[in-house]
Amino acid sequence: MSKESNAKKLIDVLNQKSHKSIQLAKQTILEKKFSSENINQIIQKYISGWNDATRPGTLALAYEAAGGKTSDVENLQAALLLIDVTMDIHDDIIDESTMKKNKKTVYGKLGKNSALLLGDAFMVEGFSQLYKAVENLPKTQQEKIMATVQDFLIEVVDAHLIESQLKNKKWTLTPETYLQVLTKKAADIDGRMRAGAIYGGGTDEEIEILSKLGRNLGILLIIRAEFVDIYDSDELSNRVKNECLPLPILYAIRNRGIKTKIKQVLDSKEIGENECEEVLLLLEKSTDIAELKSYLAKIVQESLTLLGKLNENQAKKHLQQLFVSLLEDL
23 MSKESNAKKL
33 IDVLNQKSHK
43 SIQLAKQTIL
53 EKKFSSENIN
63 QIIQKYISGW
73 NDATRPGTLA
83 LAYEAAGGKT
93 SDVENLQAAL
103 LLIDVTMDIH
113 DDIIDESTMK
123 KNKKTVYGKL
133 GKNSALLLGD
143 AFMVEGFSQL
153 YKAVENLPKT
163 QQEKIMATVQ
173 DFLIEVVDAH
183 LIESQLKNKK
193 WTLTPETYLQ
203 VLTKKAADID
213 GRMRAGAIYG
223 GGTDEEIEIL
233 SKLGRNLGIL
243 LIIRAEFVDI
253 YDSDELSNRV
263 KNECLPLPIL
273 YAIRNRGIKT
283 KIKQVLDSKE
293 IGENECEEVL
303 LLLEKSTDIA
313 ELKSYLAKIV
323 QESLTLLGKL
333 NENQAKKHLQ
343 QLFVSLLEDL
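For the working numbering, count along the sequence shown from 1 and bump the result up by 22.
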C-alpha cells in the first residue's frame, strides 16, 4: 500500500470515529441563537467548514483500545469539541490570526471583543454537555474524567501563557525552550486519550499507557503542524509578525549562516509562495533539522513499544498506523 493510501485510510478512520460527534456538536452550536443575526450567520459559516476529526478521533481510539464497545462516547467527544471551539477562537485572538487557509477567522470577522465573548459562550455550553456526558457513570469515573479535563486544559493554557512571553524573543528563542512549550501543548491529545480510556473502563495501566501515547501523539501532530506552517504563506507571515517562529526554523537558525539567509527572506514586507519555497530550500540544507527528525523517530519507536503492551484490537492497529504515518513526508 502506498504512503498516500495509508494516510488517506487513517484520515478516513478518524473521520468515521468522529462524524457523529462532530454533527452533534454542530447541532448544539447552531441551536444557540444570538440577538445579532450577523453573528448567527458568521457562526453558521464557521461551523459549515469545521471538521476537526483528529481530537475526537483519537479520543475514540483510546476508548476502544481500553475496551469500550458502545457508541455513547459520542457525547463525551461532542462536549470536548465545544470546548475546542472556544480554545480555537481564543487562540486566533492571541495570535492575531485574522486569516486561515485564505478565509477570515471568527476573530477576523467579529473583532476581539465579540470573538472573545462568543468563545466564552461555547466554553459554558461545552462544560454543561460534559457534565451530561458523564452523569450516568460511576462516581469514581466521573471524578477522574472531570479532573483529567481540568488538568489538560490548565496545562494547555499554561503553555500559551509561556508562549506569549516568548514571542518577543523571536530570533533568539532556542528550539529547546520552544519544544518544551509544544510538549505542554500536547496535553491536548494526552488529556483526551486519558479521558477516553477512563470512559472505556480501562485498567489503571491501560489508562497510563494511553495517556502517554496521547502525549507522544500530540507532540508529533504539533511538530508536524510546525512544518506545515512553513508551506503556508499566510501562516508563516503571521508567525513572523505575531507568534514564535516555527520549530524547524528555530533549529535551522542555530547555524549563523542559515540564520542570516532565512532572516533576509522573512524580513520581506510580504511573505508569499516564493519566500516559503526559499525557506524550505534552506531548511533542506540544515543539519540541525536532522536532530529534530531523529527526536520524532524516537518518539514513534517509544510509542510502538508502549502499544505492544495493550491488548490486540482494531483500535490498537489504527494507533500503530497513525504513529508511523506521522513521519511521512517530513
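Worth flagging that the hints you see were computed from the coordinates, not collected in a lab.
All C-beta atoms, glycine included, are put in the ideal place defined by N, C-alpha and C.
Take these hints with a grain of salt, some might be off.
As the list claims (entries may be wrong) - When the alpha-carbon atoms are kept at most 25 Å apart in a straight line, the in silico BS3-like pairs for lysine-lysine are as follows:
no.	residue 1	residue 2
1	42	55
2	192	134
3	122	285
4	30	123
5	48	161
6	42	67
7	192	123
8	263	285
9	134	154
10	189	283
11	263	123
12	234	123
13	166	263
14	54	125
15	42	30
16	331	281
17	154	166
18	263	281
19	123	291
20	134	189
21	189	91
22	122	30
23	338	30
24	320	331
25	125	48
26	166	91
27	122	263
Claimed, not checked - Simulated restraints, written as ranges between beta carbons of each label pair:
no.	residue 1	residue 2	range
28	150	352	35 to 41 Å
29	52	157	19 to 25 Å
30	295	352	16 to 22 Å
31	349	118	29 to 35 Å
Against the structure, the hints come out as follows:
1. 42 to 55: Satisfied, since the Cα-Cα distance of roughly 22 Å is no more than 25 Å.
2. 192 to 134: 24 Å, holds
3. 122 to 285: 23 Å, holds
4. 30 to 123: 20 Å, holds
5. 48 to 161: 29 Å, violated
6. 42 to 67: 19 Å, holds
7. 192 to 123: 24 Å, holds
8. 263 to 285: This hinted pair holds, its Cα atoms lying about 13 Å apart.
9. 134 to 154: Violated: residue 134 and residue 154 sit about 31 Å apart, past 25 Å.
10. 189 to 283: Answer holds: residue 189 to residue 283 is near 21 Å, not above 25 Å.
11. 263 to 123: 17 Å, holds
12. 234 to 123: 32 Å, violated
13. 166 to 263: Distance of about 40 Å is beyond 25 Å: violated.
14. 54 to 125: 23 Å, holds
15. 42 to 30: 19 Å, holds
16. 331 to 281: Not satisfied, since the Cα-Cα distance of roughly 43 Å exceeds 25 Å.
17. 154 to 166: Since the Cα atoms of residue 154 and residue 166 sit roughly 15 Å apart, the hinted pair holds (cutoff 25 Å).
18. 263 to 281: Answer holds: residue 263 to residue 281 is near 17 Å, not above 25 Å.
19. 123 to 291: 20 Å, holds
20. 134 to 189: Judged against 25 Å, a Cα distance of about 19 Å means the pair holds.
21. 189 to 91: Violated, at about 44 Å.
22. 122 to 30: The given pair, whose Cα atoms are some 23 Å apart, holds under the 25 Å limit.
23. 338 to 30: The hint holds at about 18 Å.
24. 320 to 331: With a Cα-Cα distance of about 18 Å, the restraint between residue 320 and residue 331 holds, given a limit of 25 Å.
25. 125 to 48: OK: residue 125 and residue 48 at ~19 Å, within 25 Å.
26. 166 to 91: Between residue 166 and residue 91 the Cα gap is close to 20 Å, so the pair holds against 25 Å.
27. 122 to 263: 15 Å, holds
28. 150 to 352: 35 to 41 Å: Since the Cβ atoms of residue 150 and residue 352 sit about 40 Å apart, the hinted range of 35 to 41 Å holds.
29. 52 to 157: 19 to 25 Å: 24 Å, holds
30. 295 to 352: 16 to 22 Å: 20 Å, holds
31. 349 to 118: 29 to 35 Å: 32 Å, holds
The structure does not agree with the numbered hints 5, 9, 12, 13, 16 and 21 stated previously, though it agrees with the rest.
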